[in-house]
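Enquirer: One-letter residues, chain by chain:
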Amino acid sequence: METLDIHRDAAKRAAGEKLDAITGVVASGNLEVMLERVLEGTKCEVHIKTSIAGFDEVWHAVIEDFIERWSPGGLRISVNDGGARPDTVSLRLAQGVSLMEAAE
Amino acid sequence: MTDWQTQKHERQIRLDAGGKFAIGKMVAANETTALLESVIRPGDRVCLEGDNQKQADHLAAALVAADKSKVHDLHIVQSGIALPEHLDLFAKGIATKLDFSYSGPQSEAIARALGSGKIQLGAIHTYLELFSRYFMDLTPHVALIAAISADREGNLYTGPNTEDTPTIVEATAFKNGIVIAQVNEVVDRVPRVDIPGDRIDFVIKAPKPFFVEPLFTRDPAQVTETQILMAMLALKGIYAEYRMQRLNHGIGYGTAAIELILPTFGETLGIKGKVATHWALNPHPTLIPAIESGWVRQIHSFGSEVGMDDYMRARPDVYFTGRDGSLRSNRTFCQVAGLYACDMFIGATLQMDLAGNSSTVTADRIPGFGGAPNMGADAHGRRHPSDAWLKAGRQASNGPPSMTRGRKLVVQLLETFGDKMEPSFVEKLGAVEFAEKMKLELVPIMIYGDDVTHVVTEEGIANLLLCRTSAEREQAIRGVAGFTEVGRARDRKQVEVLRQRGIIRRPEDLGINPLDADRHFLAARSIKDLVNWSGGLYHPPAKFRNW
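Quick note, the sequences are listed as chains A and B, same order. Take 2 as the starting number for the first sequence in the numbering used here and just add one per residue. Take 6 as the starting number for the second sequence in the numbering used here and just add one per residue.
No wet-lab data here; the hints were simulated from the structure. Incorrect hints may have been included.
Restraint ranges, calculated between C-beta atoms of paired labels, are given here [unchecked claim]: (1) B/Pro405 - A/Glu46: 54 to 62 Å; (2) A/Lys13 - B/Arg511: 16 to 24 Å; (3) B/Gln505 - A/His61: 24 to 32 Å; (4) B/Met426 - A/Ile23: 18 to 26 Å; (5) B/Val502 - A/Lys13: 23 to 31 Å; (6) B/Ser475 - A/Lys13: 36 to 44 Å; (7) B/Pro546 - A/Lys13: 47 to 55 Å; (8) A/Lys13 - B/Gln505: 19 to 27 Å; (9) B/Gln499 - A/His61: 17 to 25 Å.
Derived DMTMM-like pairs: lysine to aspartate or glutamate, alpha-carbon spacing no greater than 25 Å straight-line [stated by the list, open to error]: (10) B/Lys277 - B/Asp523; (11) B/Lys498 - A/Asp66; (12) B/Lys498 - A/Glu58.
This structure is a prediction, so every number in the text was calculated from the model and none was measured. Ideal Cβ placement from N, Cα and C applies to all residues, glycine included.
Turn these sequences into a full structure, and let the hints steer you where they fit.
Expert: Written out as structure tokens, the structure reads:
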């Protein structure tokens, strides 16, 4: 099991009021994403646990792109990865942020 | 005096030798190997019918069992290397040379056999090339074919899986060759005559019905959200823009996803009846919902598909059927239709380089070409216009409008990463390394980059027709290559310029939200749903049933 932590400042706070959300499943080729609105201002943290080693660069590229597109300021995001491909990771992250956009 | 009839005499000698095992044309199954030993000569070109689906498996096993001192150094000229027996022929030394098209299930075994020097490879062909060479320099001396039934005169009923048989028989029978058929049953009267009996020399009732593999059944349950997103991009960004009516789909999940969202997402685009009405296509079960919804006017098929027979029999307005009611397929004619009469080919591939060349060959796997290169190539002999063809031609042209010729749309679907996180976009194709290792004169490219018009990934569509330089093409491809190394090495500024010019289109440029791309768009979400759409006429093979 490999772990990876990425801390960034997003452009703005994530929209919505919801305090937490969870999407996806822990399964081969898939992943589970948990989002919590617990950080100050525009800070964003992404914690990744993955079953497949050796893709740090790809993870960094996927997460940077996600933060740029979705501005998830204030969110701590935990990823439990079962070997999902980057397109699935991007999709689940985007789904997670949309879930957070709901009112509380 | 020149003897102009040597082949005829030779044929008679072989017929007489084989006749010892026959009553009329009928030979008992347990005499098959003896028959083959008596009519086949060392060095013969033999076509052992291995099609995409239908296999002359009894004849294959009988040939493997032949005495090597009598039958050896054969040159096998067949489209499909599908059964282990096909490779056993080479391992045993019965055959030494091979010209073929497709090796799907044996793609790894054939790579090993080539590596060990057991096979002298002529070439890997497309179907049409190999079939054409049957009438030039690769005419079979002996053809070993498969049919459903025969009568005493040798008239054959090939039924829905006619596939390659008429072409093989034509080339062999009319050039003094010997044609031997294995059949599932001998009957008084065949349901229809697919092959006239005077082209058939010997008939054997095989102990078991010939093997047919369901190759084109894609379970909707396996279709992913990414594939649905790509299907939406293709429908809105290509189908709705070019409005092509005549097309061919590949056999992967990407095109299955398109078939499954025609009646849902496609319906919202208002293109039903205007787009994708005429098809060169195997009987894909995933097209049933679109057929039942009135999208499809006509389908001509290369072969059949296990479980689809009753459905097709009940839909003769859509499918080509015989007077007996069952499907008539014909690989050669359907390939020709795909080459000359289709405005679009769309299919998946495994690897693409920066020039848009693609291949499914890797160092340890040679699946061959099958027919994709015939579909996925602009036909330079085409001389009839259509709106879609002309529009594509205009987009690609720098020349005077009066002399603009059309272009076939050749669309490649690639998820940016494949199995085991293998990137689909690469600087150098595995096929190039393979060709170097095997010292091939020609790199086995499935579809050449200069024929490709669009590349669709989950990141967007790259329209290569609109690119004017190779540098633009490269950035257009990098610009949809996602998080692969090739994609990450893009020139971001240039990619943004290409996007402004409409060469690259993102989901948001097409008004598609990736979050909408979920399975509710699939008109059928399981094999069971397909059965229901067919009104119970589709009978999926056991391995696809979970109820």
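Enquirer: Hint by hint, say whether it matches the structure.
Expert: Hint check results:
Between B/Pro405 and A/Glu46 the C-beta distance comes to about 60 Å, which sits within the given range of 54 to 62 Å. In this structure, A/Lys13 and B/Arg511 meet the distance hint of 16 to 24 Å, their C-beta atoms being roughly 21 Å apart. Between B/Gln505 and A/His61 the CB atoms are about 28 Å apart, so this pair conforms to the stated range of 24 to 32 Å. Distance hint for B/Met426 and A/Ile23: a CB-CB separation of about 25 Å, consistent with the stated range 18 to 26 Å.
About 27 Å separates the C-beta atoms of B/Val502 and A/Lys13, a value consistent with the hinted range of 23 to 31 Å. Between B/Ser475 and A/Lys13 the CB atoms are about 40 Å apart, so this pair conforms to the stated range of 36 to 44 Å. For the pair B/Pro546 and A/Lys13, the supplied restraint of 47 to 55 Å holds, since their beta-carbon distance comes to about 54 Å. For the hinted restraint 19 to 27 Å between A/Lys13 and B/Gln505, the CB-CB distance of approximately 25 Å keeps it satisfied.
Between B/Gln499 and A/His61 the CB atoms are about 23 Å apart, so this pair conforms to the stated range of 17 to 25 Å. The suggested pairing of B/Lys277 with B/Asp523 holds, with an alpha-carbon distance near 21 Å, which does not exceed 25 Å. A C-alpha spacing of about 16 Å is found between B/Lys498 and A/Asp66, which places the hinted pair at or below 25 Å, so the restraint holds. Between B/Lys498 and A/Glu58 the alpha-carbon distance is near 21 Å, which keeps this suggested pair within the 25 Å criterion.
Every hint from the earlier list agrees with this structure, and none is contradicted.
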